[in-house]
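Which chain is which? The protein sequence lines are A and B, in order. Whatever position you read off the first sequence (first residue = 1), add 162 for the numbering used here. In terms of the numbering used here, the second sequence has 72 at position 82, counting the first letter as 1, and numbering is strictly consecutive.
Because the hints were derived from the structure by calculation, they are not lab data. Where is the CB? At the ideal position from N, CA and C, for every residue including glycine. Do not take every clue at face value.
As the list claims (entries may be wrong) - In silico DSS-like cross-links for lysine-lysine, where the CA-CA straight-line distance does not exceed 27 Å:
no., chain 1, residue 1, chain 2, residue 2
1, A, Lys287, B, Lys468
2, A, Lys272, B, Lys239
3, A, Lys713, A, Lys625
4, A, Lys400, B, Lys21
5, B, Lys464, A, Lys287
6, B, Lys483, A, Lys287
7, A, Lys272, B, Lys228
8, A, Lys367, B, Lys468
9, B, Lys585, A, Lys691
10, A, Lys668, B, Lys225
11, A, Lys393, B, Lys337
12, A, Lys400, B, Lys1
13, B, Lys162, A, Lys228
14, B, Lys116, B, Lys319
15, B, Lys228, A, Lys494
16, B, Lys228, A, Lys271
17, B, Lys162, A, Lys227
18, A, Lys194, B, Lys239
19, B, Lys225, A, Lys272
20, A, Lys638, B, Lys116
21, A, Lys271, B, Lys239
22, A, Lys713, B, Lys585
23, A, Lys737, B, Lys585
24, A, Lys393, B, Lys114
25, B, Lys483, A, Lys371
26, A, Lys393, B, Lys116
27, B, Lys585, A, Lys714
28, A, Lys272, B, Lys238
29, A, Lys393, B, Lys468
30, B, Lys483, A, Lys393
31, A, Lys638, B, Lys228
32, B, Lys346, B, Lys550
33, B, Lys319, A, Lys393
34, B, Lys585, A, Lys741
35, A, Lys371, B, Lys114
Stated by the list, open to error - What the simulated footprint calls covered on chain A by chain B, stretch by stretch (three residues with Cβ under 8 Å from a Cβ of chain B suffice, anywhere in the stretch; the number is not a length):
no., stretch
36, 214 to 223
37, 284 to 295
As the list claims (entries may be wrong) - Quick look at which bits of chain B chain A covers, simulated, 3 or more residues with Cβ under 8 Å:
no., stretch
38, 59 to 73
39, 266 to 277
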Amino acid sequence: MSDSYYEEEEFQTKFNQKTFSRILGLTRPHLKWVIGFLVTIALVAGMDAVSTWIGKSIIDDGIVKKNIAALTNLIIGYGALVLVQAGSVFLFIYLAGILGERIRYDLRKKMFNHLQALSLNYYSKTPVGWIMARVTSDTERVADLVTWGFVDSTWGVMSILTSMIFMFVINWKLALIVLAILPILLYIAIQFRKRILGEYRSVRKLNSKIVGSYNENITGVRVIKALGREKENLDEFKVLTGSMYRSSFRAAWLSALFLPTVQIISALAVGAVVWYGGYQAETGSMTIGGIQAFVSYITFMMWPIQDIARVFADMQQAIASAERMFSLIDSKPQIENRPKSIDPGTISGDIIFDHVTFRYEEGEEPVLTDLNLHVKRGETIALVGPTGGGKSTIVNLLCRFYEPNEGRIYIGGRDYTSLSLQAIQSRIGVVLQTPHLFSGSIRENLRYGRLDATDADVEESTKVVGAYDFIMRFEKGFETEVGEGGNLLSVGQKQLISLARAVLAKPEVFVMDEATSSVDTMTEVLIQKGMETLLNNCTSFVIAHRLSTIKKANRILVIESGRIAEIGTHADLLKLRGKYYQLYTNQFRHQMETELNIFKEPEIETPSVIA
Amino acid sequence: MKTQFEIDLQKTISKNRLLGIWRLMQGYRLKYSAAVISLGISALAKTLTFLLLRYFIDSYFVAEERIYTLPILALGFLVLAIAEGGFTFLSGALSSHSAESITRRLRNFLYDHIQHLTFTYHSKMKTGELIERSTSDVDALKRFFADQAISVGRIFLLFLINFIALLNLNVKLALISVIVVPLVLFVSIVLFKKVSTAYESYQEQEAVLSTTLQENLAGVRVVKAFSRQEYEMTKFEKDNWEKFIRGKKLLIMHSLFWPLSDILCGGQLLVGYLVGAIMAINGDISVGTYLAYSGMVIYIIYPLRNLGRVIVQTSTGLVSYSRVMDIIKENREPLDEGDHLPTTSAKGSIEFENVKFEYEPDDHTLEEINFAVKPGQAIALLGSTGSGKSTLVNLLPRFFEYTGGRIMLDGVELNRYPRKYLRQQIGIVEQEPFLFSRSIRENITYGVGREVTDAEVESAARAAAIHDVILSFKDGYKTLVGERGVTLSGGQKQRVTIARTILKNPRILILDDSTSSVDTETEAEIREALNNLMQDRTTFIIAHRIQSITEADLILVMDKGRIIQRGKHADLVNQEGIYQQIFNIQTRIEVELEKELSNVG
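One chain only, chain A, in its complex shape (with noise of 0.2 Å):
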């Protein structure tokens, strides 16, 4: 995995009313659940205050009084309380949960719908590490601001608020006391909390720092231990967990230090209330009971003003999550379905590059520049050249992956910004060098290619690549699991599999980028028997090494700095003894040379330091 991935990207943005309304627009089409949590929560903090009110009764007219019949009441009264604020806390829990739940779920979706249909251009310039923590972090962030964040919030300010008018109710002249200190302990704690995250974010950063120090320390140990680093590294190493250990017990301690202050402070609340309760118990407008639910309104207080200070921090930081989030939902596909696109059901056709020059980035200079080229039906054109030189360029181009910047592409006559995306790329079959599987079965992956495929078909075009053998001597055949991106087979199975999954598709024009770069010879062979006919039927494109498939090759087009260097025959360009004949004598020798190695490499890993 690479650092990137670890890194989270932290930033705190002001307040913005924008973004804001909308998460809150996030909630709209659930607005019933919200309303019922909303309602729950407010009364289960209502309760609450009653609660401490019954309490105070209990000692007012049940005890002091000694009124055993307004005890027995008192108590059913309590009961019931329990009994009805359980049952609120089960929906309000309920409800926000199954909300939040619902709006990641909403969120996930969204993006993920909105990715397929944004273009490659987009993912060249994303990482997919940080696609990765919009769809998963990000919303977690935003889902728990609009459920958890609020539910805190509604409950801290409801419970305040009703304990606020219990104890004016009781002794006005005390509350505005309590009513004074309340300010300043939600300033405090909202202070801490600000100070309590920057120390989280500042550990989150060290912590993907030292994963990636493991991940260089374990997967370079070879280098490591035959340059004799040890010492530099752990020393290198001991910097970073020092910085780490400071910075997560600041954060401990700050922890540690909120709430003992926020108890002080309502400790002077307490003692003012002794204090004055004290000298009013003598006139007997204080109650015993009165001074018990002071207390406790007094002492609980710290939780609803906690809560409020951590949903008020943890706002910021959900606002910045649904600004990343809301970028990527916003950005546009750079290439779409134009406006009365058509599908003619077939792209057959000849294939026509005119004037076309292409290039990544606005200000660049062009990868392709200027190209002409016409390709007849049916016709196999192999493009050679050096890395760099433009040939996947070519093939992105065709794909519709990217569009020229310049110059017009026409497929079967038509300009093929009029066709629909869909129209294209259903009838092209590419083959990629890096051959990419998805988690599942060979027979889940072959049909890929085409989803209604039946096992007959699927296992015919494995027989057409000659992936059909090596998939027979697994175990479980056609069952037999992938792995997550097609780990557990090897590069060269992988591209048969790539191979014939393209096969099954039946595409009418057929791109294979260097797609069996990593298979033996002898499969080689197969492969080419067996495509032949298939490549006859279609127009191909095939960026290759191997000197069998571009002799095979109608035209062959070096490709050198975006520009087509030389094209021809085989023979022709032999003869013109130019760039090909360097490209192909190079090549004979060190494919002859492979092919010829005595030294058959066995198939078994050994566990080795230098091979």
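Fit chain B to the known structure of chain A by using the hints.
Leaving out everything else, chain B in the frame of chain A:
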């Protein structure tokens, strides 16, 4: 930075996990105990607050025996609050300090341990698994110290102190108040296990969903190429919905647990209040006592409700302990062990005498290896994968220990040299060069172990034919390598590692000569770089092609762990055998090529 207690954590391992954890705390036990004691004091202060309240009520409202004035009582409340708060803070600070220190020590030890473990261990252990254990499991252990253990202590102390205080107030009332305790405990543990299972299944689905997403993003070209967007959406929808369903199940567990335990605790309070109130009316206890009781009883019952959660979490901490200790119990490869430590560089004469090596008994990895090398000579090893040539060179830096015969370096047996010395003397250029995600300069100076001037770095880079390439980058030598910096080609990476080796200036060199993946232009540059490097050093070349070894002083052809042919190029070419066959292939290739070209005309 405060001093650290450095201890060998390998010695702390115990089969009894709690004992092992106790030993792991060495050096911080006092501090940690102080944290627990502070916790007790703060719990005591809280209980005293209720007792003071009782006194206040009884003396001011009921009996009117006012010995202490109101300001003194108010002050009393404040002092107790400060004591409670102060000790709560102290406990938090002390416990987190211990937890952070223990974790820091564990992290450092683990990091160092991992880089000292043998090759055999590393080759069988998965990277992801090691990282997982060194990070997530270490964090879980930290939470054990910082939160879980201390929570158990807190719940226990709160219960104990308040219960004792209640017993002193009124035994009958105290006993009535804990009837429901076993039930609360039982329900909370049982339900929390369920919550925890539901949570795990939720997390599993989260992982499934991440994989689906990750595969979709990584395979975006395939998705587009087959225009399978709809299909992908359906697939994601299925996993997404499943996560929603599992989340719902988890939620139902949660939304049942809290109200259910609320009813239990509320019921208990109710009974206590009723009995207490009746006792107060009957005059068995004072009103103040009732008041104190109604406050304290809350601290007996509600914390117990959390005990279930804490206990379930603690068990995951113990599992993590075992997983971390599995790494630590592996033995390190001692770097300094060896009785022969020369003060000067090695000369580089090497003799293999009947050397044998096996990974596992009788696997015949290497057998009867005999040859001698003079300082500065070049030895080429030729053979298929698995023939033993890589294993052979890995014996030199003592990455593996030979199991029979002996290897002599400058006349002294190899295993008498400390590994560290040997590795200083040997430079290795790997087939698949590994660079660290640091700047190019740092990569070149990596492992030199001393301050290096810019001039030295540049001259090494020049000799490795990479200087010009480096200067072509915007940040020159400060350019970062890897994900966050530039991506170097295979050939460029290789030349950076060559520069690194030149700077290290070893007496003995191991070269894995693989230039198959680079194009001809770079091949020539690498060849030049390698030739510069081989000057005056004893060199072992693991060869894949004959061209690169024709000038070697000794060529060893290996098969199945044995040397089957030896000699110089000139001798071997005329000798019947594998070497000659390979050589002939080269000639054949040229003939074939001519044929090809003439076919075209």
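Regarding the pair Lys228(B) and Lys494(A), is the alpha-carbon distance no greater than 27 Å? Status holds; Cα separation ~26 Å.
Does Lys468(B) sit within 27 Å of Lys393(A), going by the straight-line distance between their CA atoms? holds, 23 Å
Are the Cα atoms of Lys272(A) and Lys238(B) separated by 27 Å or less? With Cα atoms ~20 Å apart, Lys272(A) and Lys238(B) stay inside 27 Å; holds.
Hinted pair, alpha-carbon criterion (27 Å max): Lys346(B), Lys550(B). Please report holds or violated. holds, 12 Å
Regarding the pair Lys585(B) and Lys741(A), is the alpha-carbon distance no greater than 27 Å? holds, 19 Å
What's the verdict on Lys225(B) and Lys272(A), does the C-alpha distance respect the 27 Å limit or exceed it? OK: Lys225(B) and Lys272(A) at ~14 Å, within 27 Å.
Hint check: Lys638(A) vs Lys228(B), CA-CA at most 27 Å. Holds or violated? At roughly 25 Å apart (the allowed maximum being 27 Å), Lys228(B) and Lys638(A) satisfy the hint.
Quick check: do three or more residues in the stretch 266 to 277 of chain B have a beta carbon closer than 8 Å to a beta carbon of chain A? holds (count 5)
Need the status of pair Lys713(A), Lys625(A): alpha-carbon distance at most 27 Å? holds, 24 Å
Are Lys668(A) and Lys225(B) close enough, with their CA atoms no more than 27 Å apart? holds, 23 Å
Coverage of the stretch 59 to 73 of chain B by chain A (three or more Cβ within 8 Å): holds (count 10)
Given the hinted pair Lys393(A) and Lys114(B), is their Cα-Cα distance within 27 Å? Holds, at roughly 24 Å.
In the structure shown, no violation is registered for any of the earlier numbered hints.
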